[in-house]
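Undergrad: Two independent chains are provided; combine them into the complex using the hints.
Below are the chains, spelled out letter by letter.
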Amino acid sequence: MLNFKLMEIFKALNIEKRFSNHLALDNLSVAVPEGCIYGLLGPNGAGKTTLIRIINQITAPDKGELFFYDRKFRSDDVFQIGYLPEERGLYKKMKVGELSVYLARLKGVSKHDALKRLKHWFEKYEMQAWWNKKVEELSKGMQQKVQFIITIIHQPRLLIFDEPFSGFDPINTTMLKKEILNLRNQGATILFSTHDMGSVEELCDRITLINQSKSILEGDINEIRKKYKSNTYEIGLDGDVKKLTEFFRDKYNLVELKRADDHFLARIALDKSVDDNSLLSNVIPYFHVISFNEVIPRMNEIFIKVVQNAQKTKQSDN
Amino acid sequence: MNKIPLIIKREYLSRVRKKSFIIMTILGPLLFATFLILPAWLSQVEDTGEKIIAVLETDEFNEPRPDSLSFFADVIPDKENLKFEYVPASLDVLKNILSSSKYDAVLHIPYNVINSETVELYTKKQPSLGVEIHITQSLEKYIYNLKLRKNNIPPEVLSSVRTDIALKTIRLGKDGSYQEQNQQDIKRWIGYICGFLIYFFIFFFGAQVMRGVIEEKTNRIVEIIVSSVRPFQLMMGKIVGVGMVGLTQFLVWIILTSGIVLVTQQAMRPGKPVTESSELTPESIFEARPVQNQNTTPDKTTGFNGYVEGIREIPFLKVFAAFLFYFLGGFLLYGSLFAAIGSAVDSETDTQQFMLPVTIPLILSFFIMISTFTNPEGQLAVIFSVIPLTSPVVMMGRIGFDIPLIQILSSMVALVLTFLGTTWLAGKIYRTGILMYGKKVSYKELWKWIRYKN
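Taken in order, these protein sequences are the chains called A and B.
Following the working numbering, the numbering of the first sequence begins with 1 at its first residue and continues without gaps.
Following the working numbering, the numbering of the second sequence begins with 1 at its first residue and continues without gaps.
Calculated directly from the structure, the hints in this document are not laboratory data.
The C-beta atom is built at its ideal place from N, Cα and C for all residues, glycine as well.
Don't take every hint at face value.
Here are the simulated lysine to any residue pairs, SDA-like style, with alpha carbons at most 20 Å apart [said to hold, decoys possible]:
1) A:Lys140 x B:Asn219
2) B:Lys428 x A:Phe19
3) A:Lys111 x B:Thr218
4) A:Lys92 x A:Leu138
5) B:Lys428 x A:Asn21
6) A:Lys140 x B:Thr218
Which chain A residues stay away from chain B? Per the calculated CB distances, all over 12 Å, these [said to hold, decoys possible]:
7) Leu106
8) Lys124
9) His195
10) Gly219
11) Phe292
Chain B on its own, in the form it takes in the complex (with noise of 0.2 Å):
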């Protein structure tokens, strides 16, 4: 009779319903959100509450200049809870009743401002980040084109010479066919979320085998368990019912992130039609990055469409299944080792030794993503995404991009074969590790259990 459903399901259900498992699984998507929306959010909060500036422009005596013959009376337009007013009153004046006006500011401009580019904001509170620029940048676009008038440069001339180079990237096909490329930069940062995700959960998760190994061992329990079952088949159990609850945390996480994300949106855009990126998919939640940029720069469109043509472009079933594909075959890489590690040790303080050999290649692998990024087609990014103990973070890495299939197939078969390689090698170091205690194990130790017969 097989048993090993049974232990997946206490593995698995022992873990889910742990209280540090809910918390974490709710507190992830609300702090991926913030994270999301946050920038979105606060860019529309610091506008709340009407604000009034007033404007004063003085002369060379420092004296208020009339409306009529002021230059910049109405060179700052009025946002829609930003409103400009020109006050031509003393500045002391205004300095001195500021506190009890309905102003909450005044933006002085002096005579010469446009030789010294600077202008005075006196303010009750610091100013938010947004009236700031909103006032630079109106200034700057003003005196700008006053400039340009002085020297007798008309704008048509000066936007025609104005150039901004846009690179298109032109993948040919052996077979004579073409792509284009749109928006490296999404696929790269998709590559980079991917592979860090594995990088996290094969550590945090694998850290948990191990952990569930070294309890049942110093519990004792494990003798009664393994006189019912084999112990490759708790083993396996125990690696299976992990990962579950690893996968189990990943699509919570998307769902309830990516619910978020577009829940939020809609209700801080009231009217507006949604994008089309708002299905309640998994995609969507890289798709919310960009849709945000969209929100904190509105004038800048420029380049949104290209992002959406990049998302369109990302095969996102081939990134799912890459990732649930990369994500179970470097858990049971890494998580069968994890056991054998657990296996061999009393407590987790005696874990070091064993650890330095796992990790080692696992941060390598991490790094190696990082160093791919701007170069996803090189030497070095091709060789470790075929490597099985790097292949799962730095194939991930590179998953946004065209990979070559015989590059993929290898990398998947390298993959498969280490692992069955590494859960039968696991096996034997756990089938004798378990039932050992008091022992200092050395590798010495662990190479004699490799070689047991049976």
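Isolated chain A (complex conformation) (with noise of 0.2 Å):
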């Protein structure tokens, strides 16, 4: 586990942002540590676009307050921010090469510099016969992978994505994420706001689950999965389905019963009394096990329940 105490890159707390007739940020805080991936988790609508406007100096919060390091946000500390929004675009009409210096040197990148660092990126990517073509030739993929170096064109020290993942096809979405925790090893922290678990549980190091304007999970990523261990286990073996099926019902909480190929996958849910090593005692007798480890809980199911568990609080508050 990597330890991240040594300085916060950035800071939110207790931000409250109200539109017209809702809040859509309610006393939120965030840490994010400097060199870690962060993950920003929530349904639709729960606040992380706005979170994200926030730091990027978009939109300003009607209460709390932001750091960068151990000061406070000031409006040049933008030009240490890479962002790429959910709805992704690009000026269609100009040409490709133009618009990444045009957009790099509003991030204060000079002329010069500018066109070096591309000339590099469009190398590695082979987009060289792309730089005086017109955005709207480029085909949907193409335009990514510029927005996506246009993002990091000024070397951000905090790379802000929304959504990343969505839109982009399965080989930009394996390139993306190389880059991200290729980035991370260069020192630049990385926050996204995400609903595909598999790559939060694939990069993320730790997590903020927002829903409904306030953050109701934090914390790094392994101790989160491992809060959320429900004492289930999950036994492979061979045997005869009756035979497995009564063995378990009669003695244990059988969650599920699977094939798996050419055995069974048994799910045990034990009680906090039960002692794992006496479930694996009892079944050897009877059944040739295969495998025997315990069940560390997807983020997926975590997100489901934990955001399931605070909308029925919230429904028996009122």
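TA: This is the structure we're talking about:
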């Protein structure tokens, strides 16, 4: 487990943002340690994009404070941020090269540096031939590559991606994941929002789960997953279906029994009092055990569980 | 770091490089120049290729009068490309041989022309207006004098009773100074042209600002840009950039138009000295009109000197400076409103409901300008040339005349204050609007956006 306590690159404290008739963010705090990949999760409309826009200084919070490292956020700190919005788009009529230089310069990169760095990236992804083409002549996938390069061209220390994997084809998604890890290894911090829990498990070190304008879960992803363990074990074993079902039904709480290739996988939820070793030693005399492991919940399950709980609590409050 | 220059540059270059801009910029002056030159040019073109017209006068028996007995044989003078020959042959013969003869037409003057006041022209082709006018004017003049003689009125008497009133306008200053006013017409026309240009430019380029904002919004690129610059900077950059495109087009139009007009004028009148208005200045476009007047009616020099005088009296530097000021002021005012509209909608088709309150004052100002045409110092003109929403067009409509300094100053100050106000207001709408999608926005909503803090 990585230790991020070194320094927080970004911190938002007690943010509140109200739109005309609803509260978009309610006393929300997020702290992003430097050098980590941070996931921002939550159902649609939870307030993720609002938070991201506040970090990018696109909108201002009604209440709360933003910090960059250990000082208050200044408006020119946005030049340390690279932002890839959820809805992506470029000037369709502009030439790719010209547009890239323009957007890099808006982020404070000199023309000379912009050209040098763009050359490097365009070579890396074999995009040199696109330089003088108009954006509208490129395919969607190509445009996304251009957009990604533009996002990181000013070598920001904090990268913010809003739903980066939506709309990307598998090849670009893989490329993007690889680049995210690369950037992190080079010292950048990445904050991204996503619905894709697979990518969260794959990439994220820490997460915040926002639901209905509030942060309802926050922390190191491995610790969260451990915390949500339900003392469930999965045993892979050979045997007759009927016998297996009868055996487990009588003695244990059989959650699931499914066939996997030439054997079965049985999921058993144990009571707190029961030792996992005793489960194994009870099974071994009767069946041939192939595998045995504790089930660590997937982020997907945790997400659904936490959000549903939060909604239930809210309903019972009302 | 200030990013507005970068934005202005992009907005400017991306438009100036467009094919439509280049075509408009080149075609515009050609079109203007054509309008200015064409009448003069046509009057020359129609006479190319020598034409000979046979003249025949008949007696009461419809028989041709011999040369010696004819009254009208030499009445119509020849012109450079137009010759008249008296041919005492039978009309029927002439009509029959016309198509195979060297003559282009037969002019038949009947014996009773003095009373009937009618002559006949048999032609192969439709004669040009110039030929017709030449024939009728020559005959009219001759018969007119004939009638005078018949009634025993000596021509000297007649010329002594002919009266032609000239109105000289003299403006008295409060300090007792006076200034002769020449050719109010020119001043009116200059105001009219300037006012119309401002009206046109504000409308045309204001709509471009709006379209640009909508484009950025629907493209979604706006979110990337406002993560680097303040929305207000983006909006101002766009307005200024587009405004500079308008100015560029305007200047190119003036320079090219006056260039074309002058070059053509010189080419059309070889040997003749060029009039004093020939310097290649922005002003010469205004002077081209009266100069061309001289071309088409070379014998009516009366009034032309007056025109020149009138032009001399117009302070072109003032007109030019005022044009720049009112164009920029008016454009900033309306451009920011157009930008706000663009930010509040998702597509151009949704703009209608917000366009109306912006276009109404603009169109109104155009009509007021036209109605002040006859009375540039009337109350209506004065009031609306100070009200900022109408002042750019209406004040320019009066600019050829001497406008009291207090009126100009108050109009300018009001315009500056108002555009500061509208850009501030538009900035507030813009800031919220550009990130708002899929929502039908109402005026109530816009009011809320204006009242948002920060």
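Undergrad: Now, for every hint given, state plainly whether the structure supports it.
TA: A quick look at each hint next to the structure:
1. A:Lys140 x B:Asn219: It holds: about 13 Å lies between the C-alpha atoms, which stays within 20 Å.
2. B:Lys428 x A:Phe19: Distance ~15 Å between lysine 428 of chain B and phenylalanine 19 of chain A Cα, so the pair holds.
3. A:Lys111 x B:Thr218: violated, 28 Å
4. A:Lys92 x A:Leu138: With a Cα-Cα distance of about 9 Å, the restraint between lysine 92 of chain A and leucine 138 of chain A holds, given a limit of 20 Å.
5. B:Lys428 x A:Asn21: Within the cut-off at roughly 19 Å; holds.
6. A:Lys140 x B:Thr218: holds, 16 Å
7. Leu106: violated, 4 Å
8. Lys124: Lysine 124 of chain A clear of chain B: closest Cβ-Cβ about 21 Å, beyond 12 Å.
9. His195: Per Cβ check, histidine 195 of chain A is outside 12 Å of chain B; nearest 19 Å; holds.
10. Gly219: Glycine 219 of chain A is indeed farther than 12 Å from all Cβ atoms of chain B, at 28 Å.
11. Phe292: holds, 50 Å
The structure shown violates the earlier hints numbered 3 and 7.
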